[in-house]
Each structure stands twice: as structure tokens, then as C-alpha cells.
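Take these sequences, add in the hints, and give me the full structure.
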Amino acid sequence: MATETDTQQIGTNKEDEPELDRGPFEAWAARSIKNPKRAYKAMFYTAMIFFLVTTLFPFYWLLMVALTPDGSLQNIVLAPATFDPTLLLAGDLTMGTNPGAFVEIFERLPFHRYMFNSFVIATVTTVIVLVVSSLAGYVFGRLRFKGKSPLMLLVLVVSFFPPAAFFLPLNQLFNRNFAVLQPVMSDGSLYNTPYAMIIPFSALFLPLSIFILTTFYAQIPDGLEDAARIEGTTRLGALFRVIIPLSAPGVATAGVLTFIAVYNEYFFSSLMTDPGAENWAPIVEGILGYQGQYQELYNLMAAASIVGVLPVAILVVVAQEKIVSGLTAGALKE
Amino acid sequence: MATDQDTAAMDMDTGSGGPLSSVVNWMENLSEAAYAYLLLVPAFFFITLVAFYPLLDTLRLSFIVEGARGTEPTIGLENYIDLLTGSALISRQVLDVGFTAAFPFIELGSPFFRQALFVTITFAIVSVLLETLIGFGQALVLDKEFKGRRWVRVAIIIPWAIPVVIQAMIFYLLFQPTVGFGSELMQALGIFGSTPLANSRDSFIIVLVADVWKTSAFMALLILAGLQSVDRSLYDVAKVSGASPWQRFKMITLPLVLPALIVAMLFRTMDAMRVYGIIDATAGCSTVPSLTCVVVDAVFATRQFGIAAAAAFFTAVVIGAFISIYLLFFADSDGGYF
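Read top to bottom, the protein sequences are chains E and A.
Counted from 1, the first sequence has number 288 at position 288 by our numbering; the numbering is strictly sequential.
Counted from 1, the second sequence has number 433 at position 99 by our numbering; the numbering is strictly sequential.
FYI, nobody ran anything at the bench for these hints, they're computed from the structure.
Quick reminder that beta carbons are idealized off the backbone N, C-alpha and C, glycines included.
Take these hints with a grain of salt, some might be off.
To be verified - Now the stretches of chain A that chain E is said to cover, found in silico as 3 or more residues with beta-carbon under 8 Å:
(1) 361-372
(2) 390-396
(3) 609-620
(4) 652-659
Below, the structure written as C-alpha cells:
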């Protein structure tokens, strides 16, 4: 912005000699000096376009890599090297691209199974987190009792430690055989089951939901809860029939953020199961699976990445207000 | 508790004496504090099982020093000392001899752990600074009213919302010399060598760019929340008194947004110190080692749980130190620098 004032000053000098023949840029500069708002507007649009290009171009490029036939992957910038619109006239609908990669990813590896695993893990975790954090959020948001602040601090402390600090004992715990689990699991251990991820995620993403729901539940007027209680609802009934429905936006926010966080997680997702889809491995292993031992299937990696991004991309488009409000409420309250 | 239930059932006299209604009655008659503790049980069950117990167990494991074959393990601080002095056996240390030569920022000697510590701290500081700057820019754009703002916001949030492994794939492919144009571009600028994904310095930059691309949006959203809480009439007052836009930014926006900014930076620093996924899926842990890499490596490659635990706990301590620095700074700025 300092440079803006500079150009303005230089411009003012120029204005003293208006008979100069001006190029289009100088003319534009002269007009923006008379009306500085124009310059700010131009700056604003430049910044906006810059941010749009930097955030979205990688996705476009990824699509181009996915559409390029394997073997001609060199130097794709704006379109695949084999892209040729004239082929359309010859009756080739693909125009020299290779949409077959989007079919091949499901043939090489059961990518749909990896996606399904990720969905199951993320959904179950979200449900557990919402139920548990609803109870805790109600307590922190609406009840008065001794030890409230220390307990809240204890919840916050969890999000401060790196997952690596929890990993070793959990890994040993999940690899241990429990006689109790023998009838349910084949070998009685939790390793290679969805629980090996659902359990850690349920705890790790709990603090954020608790803080979001605490804020939302605290805003419901006491009178509404009292009225429900006088009508004869139980304590838990008042929570589930009055407080939670009235805070539906808050619950949705916490749910969306938890789902995205679990779907995106890398550390536990890559370490808590073996890579096979039948071991409940999530998309992390699916996408890395195309990094073969002898051949790297770059176009398949790109195609799989695009398919893997779609669910969260849709979620962001649909629920962007919730994401924004949840992130800011969760992070700026405490 | 049995007597509680009985009296509760008699008091309420609901007519049906099933076990469910007696539990409900028992809950109805709890004091507010007791009810509060009861509802917190599930949350603390999960947190204790997944966080507090493993944390204490990690601490315990980190003090168990495995001796030579056949001898009993002893208790002591040797794991930490071995890590810091470099006598701990970490597989990558043997594999990756040429590391420091290719990493010209600073020469730290051979201990792999010290390299990891250096990489992690540098990564955290540089990435958080860049993300704050870019996030501030994005927030200023989003703070304006304009047509299509909703869609610009979606575009800016999307990188934040995508899985780490896909973020890693994008940048892995961009800088893979046979596919992407990223390496060629950087080589033309004279920044990258011939094999960027095998060179520590080049890979560090790739990981940094990838992280900034993904998480600037998070900073932007938090800063935007701060920007929107600023009272607009302050700007009108400043305009009337003849403040330039830069002055308005410096005297009004910045000081009022600072608390939100510091909280956002604190969160991002904590997160950046845990960096693992983006490294593991692009250049690999032996090219750009982070502290978490050392833990994973010690568990899976050499199966030295004591060393792994010490590295993990040390990571937590480093993060704790960073948070304390932030809190000190925060307390200061609260006192009124501006």
C-alpha cells in the first residue's frame, strides 16, 4: 500500500503536463489519480484473482494429469499433450484425452472400498463425537458446578499434544489380544479393524466439538429449558428434545468439522492398519497404493485424488457458512 | 446407589417400576454438580483412554533404557541423552549420510534427531509467518462486500478441507520432474537442483509451499472473524479526520485484530510442529525429517520403543515451550503495546 502512495505522488507531478501523449496504462493511471478508489478497486480485484488462481489451479492441473494417457505425461500445463479438439470432428468424444483413468482406478485397486472405509470411519466417529460432546457441551455451557474451569482446561490440553505422543501405547494396546473380544474379532485384537481408528479419532476431535457446542448451548434461554421441565420432561429429555433441536446449526457445524477432520487425517490413518482395503484402510492407503514398486501410475494417482476430493468439496460448497462459524467459534472461544 | 433408586422411585411414583424408569428417577434427583459429573463421564472416558493414559505410558516408556542383549532394562534418562547426542540407533541415520551437505541453512552435525528438531522448528516458524501474511491478504479480500463473494470464499476454503494425502499428491506430481512443471520452473529460476524430491533443501521448500497452500485458508477465516468484529464507525471517524487507508489499517484494523491473530498463530504453530503426513507422502521422512518422523521410524524400523517414546515426549515439550512463548507475548500485548 505504501507503493500506492508513491505512484500517486509521481502521478501528481505528471498531471502538471497534461499535453503529454498518454499510453493506455498512463491514461488509466491518470484516471485513478483523480479517483483513488479506482486504484484500490483494481488492487482488490488483482488480489482476488491471484488468490483464486493459486487455490484452484492445482485442482485443474490435477484433472489434466488424470486425463492424460499414461506415457505422454510430460509437461502438462494447460491441457494434456495429446489434447486435440479437432478429433471431435472425427467422432472422438474424448478429444485425445483419457477419461478411462477414472475407471481404471477402480480396477487396479478396490478404490471404492477405500472410500467406503473412510466414509464409515468418518460417519461413526462423527456420531460418537456429537453424542459425547453434546453431553459435555451441555454441562460446560449450562450447568454450574465446582471444578468447571479446570475440567475445561483438561479437555483443551488434549489438543495441545502431538498425536505421536499418544501413538506408541495405543499401537501396543490395539495389537494386544483381548480374550473378551475373541468372539467378535478374529484374533481378538483391534488392529486392522475400524475401531483402531474410530477410538483415537473420537477422542482427538472431541475438544473442538465440545467448545463449539458449549458456545451454542449456552445461548439457549433458561426459560425454554425450565418450561420443558415443568411440562414433565426428564433432564435428559430436555437436553435432547429442547436444547439440541434449538441448537441444530451448532450441532451441524460440529458434525461437518468432525467429518472433514477425520476424512482428512493422515497420521493414525496410515499407521493403524495394514495397507489392504480388506483391513479397513482408509483412502490414505488407497491413493498411496498407486505408487507401485516398479511403476508409478501418476495419472491414476491424480484420478484417485480427484475422486477422493469430491466428497469434501461438495461438503464445503453446501456447508461453508457452518465451517466458517464453527472454526471461528471453536478457535476464538476459550 | 440402590437405596437412592428406591427412594427416587417412591418420590416420583411414576407407576411403572422398570429398571429404566428407576435410572431416570435416580438421575432426576441428583444434585446439579453430580449430574454434571455424570454427563462428563463419556467424554473423559475417551480422553483418558486415548490421550491421558497413552501420554503417561509414553513418559514411562521413555525412561526404560534397553541394555545389551540379555541384560535387564534399566531406568534412566539415557534415551533422551542418546537422542540429543546422536548415539541412538535410528535407521535413517545410517541410510542418509549426505543429508547435511544438501541442507545449507545451517550445519547441525550428524545426529538425525537434531536435524529433525531443526527441520520441525524452521518449518513451523516459516510456514506460520507465510500463512499469516497470505491469510491476512485473503481475509482482507473476503472482508469486502462484492458479488460472488460466497464463491470466492468456497474457493479459498477448499484447499483447507482436502485430505492431507491428496494435498501431498498434488505437490508430489507438480514437482515430479517427469510429470509436473514445478521443478522445471524452479530450476529455471535457479532455486532447485536436478532431483528436487530427493534433495533435502528443495523438498523442504516443496513441503513448505504445500503447507502454505493448504492452511492459509484457516488463518484467513480466523482473521476474517476478527476483522468483522471491528466497529465500522471507527473507520468513518478516521476518514473524517483524514487518515489514509494505510493509517486506518495500521491504527485501527491491526490492533483490533491482533488478539484473534495471535490465537490463530498459536493454533497453527501447534499444528505445524506435528507435521508428518505431507512429508511422508511427498519427499519421505529420510529427505525431510520431522520430529514425528523420528518417532514413527524408531517404532517401525528399529523397534526401539524407549527411543520412540523419548522422541515423542520431547516433541510435546518443544510444543509446550512454543506455547509458553506465545502466551508470554499475548500477556504483554494485552497490557497495551498499541
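Evaluation of the provided hints:
Under a criterion of three residues with beta carbons nearer than 8 Å to beta carbons of chain E, the stated coverage of the segment 361-372 of chain A is upheld, 7 such residues being counted. Coverage of the segment 390-396 of chain A by chain E holds [criterion: at least 3 residues with CB-CB distance below 8 Å; count 3]. Coverage of the segment 609-620 of chain A by chain E holds [criterion: at least 3 residues with CB-CB distance below 8 Å; count 5]. Only when three residues or more bring their CB closer than 8 Å to a CB of chain E does the claim for the segment 652-659 of chain A stand; here the count is 3, and the claim holds.
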